[in-house]
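A.B. asks: What follows is each chain in one-letter form.
Protein chains: 2
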Amino acid sequence: MAAENTSVLLARRPSGAPVPEDFSLATEPLRKPVDGQLLLKNHFISLDAGFRNWMDEDSGDEVLPAMPLGEPVMGLVLGEVIDSRHPDFTAGTWLMARLAWQEYSITDATDFLIRLPEPLEAEPAAYLGLLGDTGLSAYFGLRDIGRPAAGETVLVSAAAGAVGSVAGQIAKIMGARAVGITSGAVKSQKIVSELGYDAAVDRTGDVQAELLAACPNGIDVYFDNVGGPLLELVIDQLNEGGRVVLCGAVSTYGAEQPGPKNLFQLVTKQASMAGFLTHTRAEEYPEARSQLARWLEEGKIVAPEYRLEGIESVPQAFSDLFAGRNFGKTIVAL
Amino acid sequence: MAAENTSVLLARRPSGAPVPEDFSLATEPLRKPVDGQLLLKNHFISLDAGFRNWMDEDSGDEVLPAMPLGEPVMGLVLGEVIDSRHPDFTAGTWLMARLAWQEYSITDATDFLIRLPEPLEAEPAAYLGLLGDTGLSAYFGLRDIGRPAAGETVLVSAAAGAVGSVAGQIAKIMGARAVGITSGAVKSQKIVSELGYDAAVDRTGDVQAELLAACPNGIDVYFDNVGGPLLELVIDQLNEGGRVVLCGAVSTYGAEQPGPKNLFQLVTKQASMAGFLTHTRAEEYPEARSQLARWLEEGKIVAPEYRLEGIESVPQAFSDLFAGRNFGKTIVAL
Numbered sequence: 001m002a003a004e005n006t007s008v009l010l011a012r013r014p015s016g017a018p019v020p021e022d023f024s025l026a027t028e029p030l031r032k033p034v035d036g037q038l039l040l041k042n043h044f045i046s047l048d049a050g051f052r053n054w055m056d057e058d059s060g061d062e063v064l065p066a067m068p069l070g071e072p073v074m075g076l077v078l079g080e081v082i083d084s085r086h087p088d089f090t091a092g093t094w095l096m097a098r099l100a101w102q103e104y105s106i107t108d109a110t111d112f113l114i115r116l117p118e119p120l121e122a123e124p125a126a127y128l129g130l131l132g133d134t135g136l137s138a139y140f141g142l143r144d145i146g147r148p149a150a151g152e153t154v155l156v157s158a159a160a161g162a163v164g165s166v167a168g169q170i171a172k173i174m175g176a177r178a179v180g181i182t183s184g185a186v187k188s189q190k191i192v193s194e195l196g197y198d199a200a201v202d203r204t205g206d207v208q209a210e211l212l213a214a215c216p217n218g219i220d221v222y223f224d225n226v227g228g229p230l231l232e233l234v235i236d237q238l239n240e241g242g243r244v245v246l247c248g249a250v251s252t253y254g255a256e257q258p259g260p261k262n263l264f265q266l267v268t269k270q271a272s273m274a275g276f277l278t279h280t281r282a283e284e285y286p287e288a289r290s291q292l293a294r295w296l297e298e299g300k301i302v303a304p305e306y307r308l309e310g311i312e313s314v315p316q317a318f319s320d321l322f323a324g325r326n327f328g329k330t331i332v333a334l
Numbered sequence: 001m002a003a004e005n006t007s008v009l010l011a012r013r014p015s016g017a018p019v020p021e022d023f024s025l026a027t028e029p030l031r032k033p034v035d036g037q038l039l040l041k042n043h044f045i046s047l048d049a050g051f052r053n054w055m056d057e058d059s060g061d062e063v064l065p066a067m068p069l070g071e072p073v074m075g076l077v078l079g080e081v082i083d084s085r086h087p088d089f090t091a092g093t094w095l096m097a098r099l100a101w102q103e104y105s106i107t108d109a110t111d112f113l114i115r116l117p118e119p120l121e122a123e124p125a126a127y128l129g130l131l132g133d134t135g136l137s138a139y140f141g142l143r144d145i146g147r148p149a150a151g152e153t154v155l156v157s158a159a160a161g162a163v164g165s166v167a168g169q170i171a172k173i174m175g176a177r178a179v180g181i182t183s184g185a186v187k188s189q190k191i192v193s194e195l196g197y198d199a200a201v202d203r204t205g206d207v208q209a210e211l212l213a214a215c216p217n218g219i220d221v222y223f224d225n226v227g228g229p230l231l232e233l234v235i236d237q238l239n240e241g242g243r244v245v246l247c248g249a250v251s252t253y254g255a256e257q258p259g260p261k262n263l264f265q266l267v268t269k270q271a272s273m274a275g276f277l278t279h280t281r282a283e284e285y286p287e288a289r290s291q292l293a294r295w296l297e298e299g300k301i302v303a304p305e306y307r308l309e310g311i312e313s314v315p316q317a318f319s320d321l322f323a324g325r326n327f328g329k330t331i332v333a334l
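The listed protein sequences correspond, in order, to chains P and A. So for the first sequence, our numbering puts the first residue at 1; every next one is plus one. So for the second sequence, our numbering puts the first residue at 1; every next one is plus one.
Okay, chain P solo, but in the shape it has when bound (with noise of 0.2 angstroms):
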């Protein structure tokens, strides 16, 4: 067993979109668990910007408490009990997390604890993606509040990114028509022909004529994983009955933004928009990551990952997402 421990620090709050100079690394010797905790060693650090949430200085809710400077940073880790204290665990159980993000960890087992099914239906590492908290994500929101019919048209924006890349395929499975928002020609490009997008939407055009172009029928559930203005340019392009799903919003994450203009065409289109967090249907994880690890299997579903290794390249990794340079779920191996 390693003897030391290194854990990635909050160093100051990010302004905006997280750099890596707000964060910092330390370094001290490994404790050992006491009675009643297990040691966790974490092979995987899953960077979610819904953490950037906790950041900010008067942020606390009943999630979470305000993250503290110059303490280990909280996220989602993917790690295998390597000594347990705890009567309900034993070595070699792979837990999903929501620890700090360090190198090993030493829970009382009160956190937010997901135990990987035995045996495990895929790589490890798809627990944190498609099988993880973004897949699964994309699937109760689509599954529960965007419900689309086949022929429907899905729009998707961050379409490229973790939850993004997992939606867009669903709703193929589901018989929809799959638009997805991107930023750049690249991964415009790349939506199509590596996620079975029907057609992209580049962010960094002229949005509205693109979305016209690429949605002719309108829009009938659009799944927002990022807010902001793109909401009220799809909401007047929005069917009757059309459904917003809301899923995260990174880019009012760190800035207030002003909401959409035209909300009261949600009255006139009949219209709704609702918002989920999928960390409350944790009963639910089972089956629905039987059915995603089963289109895995089939070749239904792809699973793209934007992987960094070490402990060091987290705080490189968690601004790589916000700064769009990741293409899927975006992990640290350990």
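One or more of the hints may lead you astray.
[Unchecked claim] Below, a list of computed lysine-lysine pairs in the DSS-like style, where the Cα atoms sit at most 25 angstroms apart:
1) K269/P with K261/A
2) K300/A with K261/P
3) K172/A with K300/A
4) K269/A with K261/P
5) K172/P with K261/P
These are calculated hints, taken from the structure and not from any lab test. On a predicted model such as this, the values are computed, not experimentally measured, just so you know.
Given chain P, work out where chain A should sit, using these hints.
C.D. replies: Coordinates of chain A only, in the frame set by chain P:
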């Protein structure tokens, strides 16, 4: 039969809230219906804020074209067939119809028409208020979107208005705590004493503080009749799983306002927001109306009216609606 027919014309396009000078009167000889038409003697004109929507130059949509200048204003009337040359209608039938503000209407029955039940379950004017589009909006909005559970807090804006005055009472029947937002001390007191609201919030006061005081357990359902900046304050106090019913949006008619900056809270609170229109549910009218008529008969609900007299009062009555001078449903008896 009268030989003349007076109409209310759109004299100029309102700028923001309509004023009486936006309208003019014109009197013409009364025509006779030809084959396939019927002649309606209008007994009541319903004043509904939603029609303000189509008074702007570029406002046409699938419901109505933009109203032309110098022509009779489209609205909702309640009248009796007095001469029919249409096979499906006989004299004596009461109809609620989307027809212009006139003393008499001639229609080929392809317009939006609702037959009143025979025998009538209440006095005819009730079919414009409690048993009409506004009462049904309150009913459908709470039953299908708000869905308050017993003990939950339902907040209603424009609580003294045609829809709000019914919504608060239905919320109470459903076992919820009803809190109404209205303007001024007089209406604040009246919505409690006459409509049974548990508490009132005065829009002309410190709304945020009054909301906190009136909704100590947060807000579970917001029945929004006004749109605009109020929505942002309400989202801040919305509970986990809260529902926002978007029913009209008086304050946004004629002036695009910035939307709420805190829509991301719909994600963290797993809340939803949905708009709806009543006129697309014509087949559900009879059952809904019977329920409301039963409550009226049993004394469980009251149907307050702000009633003016004579076609020449219509411009004033419509303007009063936007100035908040009404208490309950605004109608003009002809």
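A.B. asks: Take the hints in turn and mark each one as holding or not.
C.D. replies: Comparing the hints with the structure gives:
1. K269/P with K261/A: Since the Cα atoms of K269/P and K261/A sit roughly 22 angstroms apart, the hinted pair holds (cutoff 25 angstroms).
2. K300/A with K261/P: violated (38 angstroms)
3. K172/A with K300/A: Between K172/A and K300/A the Cα gap is close to 10 angstroms, so the pair holds against 25 angstroms.
4. K269/A with K261/P: holds (22 angstroms)
5. K172/P with K261/P: Not satisfied, since the Cα-Cα distance of roughly 31 angstroms exceeds 25 angstroms.
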